[in-house]
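All chains, please: the whole structure from these sequences, using the hints.
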Amino acid sequence: MTSMNSDVLIIGGGIQGCATAYNLARQGVSVTVLEKDWVSRHASGVNAGGVRLLGRDVAEVELSKASMALWHRLDDELDADTGFRARSLINIAADTQDLDTLRNRQSLMHGLGYHHEVMIDQQELRERLPHVAPHCVGGVVSETDGYAIPYQSTLAFRRAAERSGAQFIEGVAAQQIRKVGQHWLVETDKGRYEAEHLVNCSGAWADKVAVKIGDNVPLTHSAPMLMITTRMPHFATPVVGAVSRPLSFKQFENGTVLIGGGAKGFADRDNNRTRLDYAKMAVGARNVVEFFPIMKTASVNRMWAGLEAYMPDNLPVIGKSVNADNAYHAFGFSAHGFQMGPIVGQVMAELIIDGKSRFDLNKLRIDRFERKVL
Amino acid sequence: MNIYSPSDDSPNEFNPGSSYDIAIIGAGPAGMSAAITAADAGATVVVLDDKPQPGGQIYRKVTSSPLTQPEALGEDYLKGAKLVEAFQNCNAEHLHGASVWHVGDNGEVLFSRDGGTQSLTARELIISGGAMERPFPIPGWHLPGVMSAGSAQVMLKSDGLVRDNAVFVGTGPLLYLIVAQYLRLGVPVKALIDTTPKSAYIDSMKEISGTLSAPKMVSKGLLLLNEIRKAGVPVYRFAKDLEITGESAATGLKFTSGHEGRQIEADHIFLHQGVIPNLNLTRALGLEHDWCEQQLCWKPKLNRWGQSSVPTISVAGDGSGIVGADGAALMGKLVALNQLQRHHQISAEERDQQARPLFRELEKLNKFRRFIDRLYRPIDAHRIPDAPDTVVCRCEERTVADLQRGFELGASGPQDLKGMTRCGMGPCQGRQCGHTVSELLAQWRDTTVDQVGYYRLRSPMRLLNLTELGQFSRVEPAQQSNTGAKS
Numbered sequence: 001m002t003s004m005n006s007d008v009l010i011i012g013g014g015i016q017g018c019a020t021a022y023n024l025a026r027q028g029v030s031v032t033v034l035e036k037d038w039v040s041r042h043a044s045g046v047n048a049g050g051v052r053l054l055g056r057d058v059a060e061v062e063l064s065k066a067s068m069a070l071w072h073r074l075d076d077e078l079d080a081d082t083g084f085r086a087r088s089l090i091n092i093a094a095d096t097q098d099l100d101t102l103r104n105r106q107s108l109m110h111g112l113g114y115h116h117e118v119m120i121d122q123q124e125l126r127e128r129l130p131h132v133a134p135h136c137v138g139g140v141v142s143e144t145d146g147y148a149i150p151y152q153s154t155l156a157f158r159r160a161a162e163r164s165g166a167q168f169i170e171g172v173a174a175q176q177i178r179k180v181g182q183h184w185l186v187e188t189d190k191g192r193y194e195a196e197h198l199v200n201c202s203g204a205w206a207d208k209v210a211v212k213i214g215d216n217v218p219l220t221h222s223a224p225m226l227m228i229t230t231r232m233p234h235f236a237t238p239v240v241g242a243v244s245r246p247l248s249f250k251q252f253e254n255g256t257v258l259i260g261g262g263a264k265g266f267a268d269r270d271n272n273r274t275r276l277d278y279a280k281m282a283v284g285a286r287n288v289v290e291f292f293p294i295m296k297t298a299s300v301n302r303m304w305a306g307l308e309a310y311m312p313d314n315l316p317v318i319g320k321s322v323n324a325d326n327a328y329h330a331f332g333f334s335a336h337g338f339q340m341g342p343i344v345g346q347v348m349a350e351l352i353i354d355g356k357s358r359f360d361l362n363k364l365r366i367d368r369f370e371r372k373v374l
Numbered sequence: 375m376n377i378y379s380p381s382d383d384s385p386n387e388f389n390p391g392s393s394y395d396i397a398i399i400g401a402g403p404a405g406m407s408a409a410i411t412a413a414d415a416g417a418t419v420v421v422l423d424d425k426p427q428p429g430g431q432i433y434r435k436v437t438s439s440p441l442t443q444p445e446a447l448g449e450d451y452l453k454g455a456k457l458v459e460a461f462q463n464c465n466a467e468h469l470h471g472a473s474v475w476h477v478g479d480n481g482e483v484l485f486s487r488d489g490g491t492q493s494l495t496a497r498e499l500i501i502s503g504g505a506m507e508r509p510f511p512i513p514g515w516h517l518p519g520v521m522s523a524g525s526a527q528v529m530l531k532s533d534g535l536v537r538d539n540a541v542f543v544g545t546g547p548l549l550y551l552i553v554a555q556y557l558r559l560g561v562p563v564k565a566l567i568d569t570t571p572k573s574a575y576i577d578s579m580k581e582i583s584g585t586l587s588a589p590k591m592v593s594k595g596l597l598l599l600n601e602i603r604k605a606g607v608p609v610y611r612f613a614k615d616l617e618i619t620g621e622s623a624a625t626g627l628k629f630t631s632g633h634e635g636r637q638i639e640a641d642h643i644f645l646h647q648g649v650i651p652n653l654n655l656t657r658a659l660g661l662e663h664d665w666c667e668q669q670l671c672w673k674p675k676l677n678r679w680g681q682s683s684v685p686t687i688s689v690a691g692d693g694s695g696i697v698g699a700d701g702a703a704l705m706g707k708l709v710a711l712n713q714l715q716r717h718h719q720i721s722a723e724e725r726d727q728q729a730r731p732l733f734r735e736l737e738k739l740n741k742f743r744r745f746i747d748r749l750y751r752p753i754d755a756h757r758i759p760d761a762p763d764t765v766v767c768r769c770e771e772r773t774v775a776d777l778q779r780g781f782e783l784g785a786s787g788p789q790d791l792k793g794m795t796r797c798g799m800g801p802c803q804g805r806q807c808g809h810t811v812s813e814l815l816a817q818w819r820d821t822t823v824d825q826v827g828y829y830r831l832r833s834p835m836r837l838l839n840l841t842e843l844g845q846f847s848r849v850e851p852a853q854q855s856n857t858g859a860k861s
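As you go down the protein sequences, you meet chains A and B in turn.
As numbered in our numbering, residues 1 to 374 make up the first sequence, in order.
As numbered in our numbering, residues 375 to 861 make up the second sequence, in order.
By construction, these hints were calculated from the structure, which means they are not laboratory data.
Check the hints yourself; a few may be wrong.
Claimed, not checked - Every beta carbon over 12 Å from chain B, so not counted as near; a handful from chain A, in silico:
#1 R103
#2 G111
#3 V137
#4 N216
#5 S299
#6 P312
Said to hold, decoys possible - A short, non-exhaustive set of chain A residues, derived as facing chain B with CB atoms under 8 Å:
#7 G45
#8 A133
#9 N272
#10 L276
#11 Y278
#12 A282
#13 A285
#14 R286
#15 V289
#16 M295
#17 T297
#18 A298
#19 V300
#20 N301
#21 R302
#22 W304
Predicted model, so just to flag it, every value in this text is computed and none were measured.
Heads up, the beta-carbon is just placed ideally off N, CA and C, and yes, glycines get one too.
Written out as structure tokens, the structure reads:
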């Protein structure tokens, strides 16, 4: 049986895989992406679309900042409509304890030389969000933040990658992965694929792929839930979150309101399925109404969940394999990877083409949880 | 029925509590018959229906009609009173005004009632959600002033509301029935535009043998047509090339009949070309479905007892494929008998013995149905729109041309097309466009509708108020089942 050859084989057609393919292909590298379902089928297609720099862990602030700069010119670069809108993101402080939390965060960030998160008082909060409940005392804003349409954004990377010659093979699952000489050989139910470099962007399934490459990783998966309302009169321009409550929503230009907040349903990864936890959805619904009484009359049109990968520290794995040459990982984004897609694509291309990245990826190593067994 | 609200500090803990033996969604002929059969055998049964009274669409308000002369609605309507009364007298709990928005394959049922969300669980579920009218995507069908003939009948049955000088367009017994009902009530009808093609009369003759056992039912349609003609209503037959005129509202209808182009002015146009199963519930449940070429619709895949691909969930009535009110009542009994047997409340022998005459009766009706389906088969041009400007998705206002663009950009299935164009993303969850999209894609891809598939649907099955969702409580049976084994 002959196999398909390319320089780089990427497993996983989500936004990380598509952005990696794009950045490699435009530099003349031959790339094949293997996707077990179809491009953008899981977390990359059904997430909340938040493009957020606010509140990032310090380990990923540099990456997130660089990615944000890319988002602001992404439509031009990809010659596509990602639906990106810079609307700012405000995290609301519901009480004085929240304000203390924000002050601590502020001194941490200022100490590191970051000034993109700006605290706002109650009056400014009301100016920016006139419909916020009166008990909210202030908040923090990041001006560059906003949202994009996940499915369109992932597809935009795919199309741009294809224009530079990248191949996307859908409905093909990697079964065996092994090294033959200097090459990676991936066997699937529909043929063999060979490449010098192998990239693992398999999201909620990435631990299975990592093991086949030779790296163990404590990845878990879950099903963050979302709901969207029918069109409502315009009442919120910024994307809204809360400092200490599970609240998150954004109103799109067509008036629909997407409500998230991190509540998780049940993930059945073997069957590509999720089940919703409606009692938790009810808590989310109460939170939104409590913070924004105008939402009392909102009508929920759809609810859904996606299969997402989580690391124990909620930080992604980005970097080289520790146990195999010419293998790379980008996964485990723990429900905030969508915004990172554009920069992750560049980082992976740097690692493959130059052998190193301009970013410090030490805290995102795949083996960061390994320790001696006593 | 006992209702309690879980404490606010532990809203995430789902307490299974005690379950019903059988929960039935929909109190039409199928649901009512199933409930009577199951409750009479001693099962704890709950029936949920969003209307204030039982009866479904067909027997809506049959025991409390707002009309002074309900007999104008016909014998087939009035006879429902008997079933409704039997249902009201049986031991099943009836949750009226309960609008179901989620059914899980784990037996969980969530519904809105009294301004809050309530939940219950049942060992077995019967989905008897009935039918909806087939979309009629012709140019201008989205304009104000255009309604389905079925909604005209709903207005009539539930509120006694009518529209003077309307034009009725399409094919099928329900269309003739509503026109006849209007005329009996003295409401002027401007015209009946019949789209049944000449060829359908010839094709349906192949199935005529199936109707010999039910000659009365065949003549029923002809009698209605005669009644309409005698009343002096202009009837245009073999109509095609339909186009509703008007910019911001309907002003009339263009069509050809007998090779002659015609135009009729009208502010109210009622369309109808048959009914199809209401899929939102069975699809959101993830049940397997097949495309039915005879009825040109998706149907849940069921065994002869109405059991779906999830064994604890059965489907009865028009939601399983169009069977009519009498067929639905028969199916309801069969499905209930099977579930009673599954729970050892009756033996397999008892079930089979009681089922035998029901199956025989159902087979007779099915033969008749094949004839009806042939005769009133909507033509391709009225199901698969061709003109680029014709609206397919009314919620998001997506036209044939919009979908064609999405298809050309690589969306080959309904789900991709939804992601790309928002077609099917609106409040109706694809009820209005789902069949059209499946058939359009099959045509463009030159493949079967089965290959193309349908939207992937999710709960809620209907719009859900955010405040209602926030108020969560649970319903349990008022009494435990008094016979049978517990599973």
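Here's how the hints hold up against the structure:
no.	hint	verdict
1	R103	29 Å, holds
2	G111	37 Å, holds
3	V137	23 Å, holds
4	N216	32 Å, holds
5	S299	4 Å, violated
6	P312	22 Å, holds
7	G45	7 Å, holds
8	A133	14 Å, violated
9	N272	11 Å, violated
10	L276	7 Å, holds
11	Y278	6 Å, holds
12	A282	4 Å, holds
13	A285	4 Å, holds
14	R286	4 Å, holds
15	V289	6 Å, holds
16	M295	6 Å, holds
17	T297	7 Å, holds
18	A298	4 Å, holds
19	V300	4 Å, holds
20	N301	6 Å, holds
21	R302	6 Å, holds
22	W304	5 Å, holds
Going down the numbered hints, you'll see the structure goes against 5, 8 and 9, while the others check out.
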